[in-house]
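S.K.: Chains as they are written, first to last, in this note's numbering: chain A, 36 to 362; chain B, 36 to 362; chain C, 45 to 383; chain D, 45 to 383.
Honestly, the hints are just simulated from the structure, not real lab data.
Be aware that one or more of the hints could be misleading.
[Unchecked claim] Not the full set, but computed from the structure, chain A residues with beta-carbon under 8 Å of chain D:
no. : residue
1   : Glu64
2   : Leu93
3   : His159
4   : Tyr163
5   : Asp321
6   : Lys325
7   : Pro330
8   : Pro336
9   : Glu344
[What the hints assert, rightly or not] Within a straight-line C-alpha distance of at most 35 Å, the following computed DSBU-like cross-link-like pairs (lysine-lysine) qualify:
no. : chain 1 : residue 1 : chain 2 : residue 2
10  : A       : Lys343    : D       : Lys324
11  : D       : Lys140    : D       : Lys348
12  : A       : Lys300    : B       : Lys234
13  : B       : Lys300    : A       : Lys351
14  : A       : Lys82     : D       : Lys324
15  : D       : Lys118    : D       : Lys94
16  : B       : Lys82     : A       : Lys300
17  : B       : Lys58     : D       : Lys348
18  : C       : Lys246    : C       : Lys226
For each residue, glycine too, the CB sits at the ideal point set by N, CA and C.
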Amino acid sequence: MPVISYIQAVTQALQEEMERDEKVFVLGEDVGVRGGVFRATEGLYEKFGESRVIDTPLAESAIAGVGIGAAMYGMRPVAEMQFADFIMPAVNQIISEAAKTRYRSNNDWTCPVTIRAPYGGGVHGALYHSQSVEAVFANQPGLKIVMPSTPYDVKGLLKAAIRDEDPVLFFEHKRAYRLIKGNVPEADYTIPIGEADVKREGADITVITYGLCVDFALQAAEKLATDGIDAHILDLRTIYPLDQQAIIEAASKTGKVLLLTEDNKEGSIIGEVAAIISENCLFDLDAPIKRLAGPDVPSMPYAPTMEKEFMMNPEKVEHAMRELAEF
Amino acid sequence: MPVISYIQAVTQALQEEMERDEKVFVLGEDVGVRGGVFRATEGLYEKFGESRVIDTPLAESAIAGVGIGAAMYGMRPVAEMQFADFIMPAVNQIISEAAKTRYRSNNDWTCPVTIRAPYGGGVHGALYHSQSVEAVFANQPGLKIVMPSTPYDVKGLLKAAIRDEDPVLFFEHKRAYRLIKGNVPEADYTIPIGEADVKREGADITVITYGLCVDFALQAAEKLATDGIDAHILDLRTIYPLDQQAIIEAASKTGKVLLLTEDNKEGSIIGEVAAIISENCLFDLDAPIKRLAGPDVPSMPYAPTMEKEFMMNPEKVEHAMRELAEF
Amino acid sequence: MVNTDEQKKMMENRHHRLGLSDNDILEMYRTMLLARKIDERMWLLNRAGKIPFVVSCQGQEGAQVGASFALDTKRDYVLPYYRDLGVVLAFGMTTKDLMLQGFAKAEDPNSGGRQMPGHFGQKKNRIVTGSSPVTTQVPHAVGIALGFKMEQKDLVSFVTLGEGSSNQGDFHEGANFASVQKLPVIFMVQNNQYAISVPLTKQVACEKISDRAIGYGMPGVTVDGNDPLEVYQAVKEAADRARRGEGPSLIETVSYRLTPHSSDDDDRSYRERGEVDAAKEKDAVLTFAHYLREHNILTEQVEKTMHDEMNQIINEATEYAEQAAYAEPASIYNYVYGE
Amino acid sequence: MVNTDEQKKMMENRHHRLGLSDNDILEMYRTMLLARKIDERMWLLNRAGKIPFVVSCQGQEGAQVGASFALDTKRDYVLPYYRDLGVVLAFGMTTKDLMLQGFAKAEDPNSGGRQMPGHFGQKKNRIVTGSSPVTTQVPHAVGIALGFKMEQKDLVSFVTLGEGSSNQGDFHEGANFASVQKLPVIFMVQNNQYAISVPLTKQVACEKISDRAIGYGMPGVTVDGNDPLEVYQAVKEAADRARRGEGPSLIETVSYRLTPHSSDDDDRSYRERGEVDAAKEKDAVLTFAHYLREHNILTEQVEKTMHDEMNQIINEATEYAEQAAYAEPASIYNYVYGE
Ligand SMILES: Cc1ncc(C[n+]2csc(CCOP(=O)(O)OP(=O)(O)O)c2C)c(N)n1
Ligand SMILES: Cc1ncc(C[n+]2csc(CCOP(=O)(O)OP(=O)(O)O)c2C)c(N)n1
Ligand SMILES: [Mg+2]
Ligand SMILES: [Mg+2]
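Only chain A is shown next, with the shape it has when bound in the complex:
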């Protein structure tokens, strides 16, 4: 199995899906000739031409809304938001329209659109190129939200998103793009949306997280292992709707739970994870549920001193895991 980067997994999934199904097309800002500002759509314009790789005007509500219309018609649009931070003008289209198309029409119309957006920090992107925005959408029945952590998951889940009959938000961690590499099979495969994945089996403490933080947790777990602390790591992968069963199992297994996100703490999706645990397996817990998250300030500043203070990293995770293990 070849080793590819997280962003290459994005590109491969797009390309293969466009080859497989004529109805799949890409639209967004700079996705064409430029191949995307991160180069996620590199080569697609050359391969599929400007009618299927559409450089749009700078207007996110239209990018989402046109994608939604095309999806209602029966196409399989993959809309790119250049940065997750810039999805905000499209919130009305996503929440009022995409999420509710099937329900409001009593199953008459559907909206199989995929909306991709790079999120997350640690790239000197400052307040508006570093945000985690998933919590804005993680309360909207009708939507699915995927946030993968590995190239393997990226490829399988993006393909699943494109083939899904409902709207999927697909958030890619921009720092993971080139940082995270992994084995990805050449044969076609998909990963079911809605299923969390145990990324490390362990017996002492449970870490539940998603996105780039999975890698941080895995790094920290290796360190802890040398001290005989055995961490169990659950990667949510789909953060809405959550895989409740997997969460309950993972929490019950060790009785000590650390919930981890790069997002601001209050109102982040790990609050919901805590609620699921405390509703379903409270008496299996041996320690209070611990949360490690970004501070409750708007987003990470630009200057390196301040960015570092905000941004999650393996050391912060390791520290929190140790504390929990020692509880």
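Given the coordinates of chain A, assemble chains B, C and D with the ligands onto it according to the supplied hints.
M.R.: Then chains B, C and D with the ligands, alone, in the frame of chain A:
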């Protein structure tokens, strides 16, 4: 103290603040001659004229954005979104701009805007005139979100919101407008934003909620009282940032907690409340944290059979409280 | 009542010049009248406490039906807004369907009683499901037209909105996108002079809504929304253009909202009765009937039969819908996602 | 190189006709040149690995400075976009301020190092804080102008954006709102022909961005963005109109983006070098210098002193900023809310 309705409390607060401070003005759709589609701004146009009670074009991003600009300049705008469901086009202005103005300018610029919107169901409003939208915003440091339950709280908190140096989202339950009445002093007063309020002291079970559900919980508590079950009811009032201390105290007091919201369950703000409890007073609990919320379907349908199935009511609350008490 | 100019216009055989047969325009009128009658019945039912909500087409039937007849109602796609009773009737929705919607019954093809009246959608007739937040349908219409272009289909995507709604960002973004991509979309703004209580002068400062077209590089025209033939002609030209691959058009139809905004509104607080009464004289349902009578198309006999037939259809539909069942409470859990 | 028409334009004493003294336009030129030189230094620092990011004004200094000089830089409010180095300099931001921003140091008056370079804001100079999502500043400018109107202040709110950004809904909603309320706002679109890699033809289908003005009922003009005097004149007229209570104006300045979009971009993948080279010949920093030389305002001596002074200022500012401290890590917890 005169008894007035929830909506009269809104109108009084607006009028008194406009009298007190010339910089306070109102803008929104149909707020002028029509006095608002719910009549919340009734009489203001006649009193303060069209320059301070502005009927705007039908464009929520501009209503918010113009309000934000005026606030940056030093005015005290109170923007109305005709229905909370229609705040979605303004999300970018609220999250990217209002919430981050102070932070991004390192305290140089501020944004003291108040944005009012009627939310909630039970009024045959169907999918798009019934929603609870607070979860979309309850993860944005820099914002404050107020959701009052009584006319007294409405008036004191709306005045506080208008005087606040930061942006405040003020969600009013539209079914409460004429349903809920209460004593409201004639003298000027404010209620501090950020403080929850015990609406009923009790020893057996704790209900934590906000908005119209406070009334449902109080009704249910009276029923339970006749069977000797004594409920403690905490009204969050400000749902972002949450009053953590009050939540911890209320939960610890009885050890049995019911979290209640009219919103869809997954991703609602009571998930965060559960997380705070399970982080801080897990070992004080005698029962799993219980959540009672709307189902995870987009919103309540129009037909009465279906609306009733979705909408919270005192019976559903009573049932859940009894179950918890019997645990 | 009618001045000489109008009288002349009335007497000319305008519909033949547009390629419309006598029967065509009789059908147009029939659709307009049916829309009006259904709407009137809805108000009666509302005032009788039988249905909780109505939002009206009254005053806009001429524009809606004139436009629809210029389209291929068997193949084109429409994205109507909440007043477009005339459009959805022309595109195949039945009186029974509409009554089922009014009563919010399970059989309502629009939403099974999930949405309020006026939230149209029926896939088999290519009526695209709509929501309440205004103007979101505009980018959808563009996306559908993009689908046509990609599949090289010779179809038109027709989207309507109120003039107030043309101030939303989605109008701007959608129109611009369509024009850059030269997509087969027709944007029709039904200017009825009010956005709820807000009069045109407080909504826009331009002279005509169609003045916005040049900013998107597309043709824009303003026509008399009370004249179905003028609307027909404008939409026909736009549709031909669209099918030729020449891109989108913007059409503004000017008329007047004859009813309050909806059954929840009381318009006496913000507009003079005289203004409403004056507008009623220009009501297309009256003036077009007059045109048809002048041309001996709408004879007394035809008219009587038409009214009788319609009353019967509406009565039967009302009765059926009133008797029909609501959706089961447990059905609310269905169709959040594909199953 | 310059044809006869241009030569004539060059020789006419255009600035006197506009009421500008020789010294005025020397100041204009000085500001343009300073903007250019600071920008160039930023690129050097970026390429040397000393600052992580630059976004340039190059090619737009003429429009930015021409416009600013038509405003009251001591009283009016500006809402610049990220390329507006020329505007903020004219409104009182110093080279040192800008270098502190480039190096993201605690003393940076824009944000204390919280935001990326190009995110301007400085209350004492009425430079309104901006963010990254484009076009959000447009409604803010309108709200500020609404404040002026309510307080009956004779001030102007000046807001700029790129042509790509004029396709955002906020442009439409803001412009319409301002015009309905007749507010003293100037919307200036700096059309540099690209939105990152997307050329004008894929952004809009209208001939001119200023064609959008009529749809809002305001005047719209397109001027040569490489001609500071032409821009000055257009903005002056718009400002006068605004102060007279006649409402907003839309001005499009056409020039070219001489650099890649930002230091993160590589423009060779999407535009020909020839196109960039051709644009460089029209660069306002060169052509305006030529005009000043022709009128003996920019003598060799003046020019030399100017360059020397600027180099010194920039060197000192760079050094200061490089030495300055970053904000303390713990400072990130400050100013989420008022304290
Ligand atoms: C985004 C949004 N904001 C507000 C509303 C509430 N609302 C419903 S209709 C309407 C006025 C619409 O006016 P116009 O577009 O002129 O259409 P008309 O009703 O006059 O046909 C308003 C404000 C809404 N439905 N959607
Ligand atoms: C809402 C939003 N979407 C996307 C971006 C990313 N982005 C930054 S600048 C830019 C292009 C802007 O083009 P234009 O408005 O023409 O200004 P120019 O950079 O050419 O001066 C884009 C797409 C953004 N900043 N904000
Ligand atoms: Mg209207
Ligand atoms: Mg540009």
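S.K.: State the violated hints by number, sorted upward, taking the hints as numbered earlier in the document.
M.R.: Violated hints: 5, 6, 10, 16, 17; rest satisfied.
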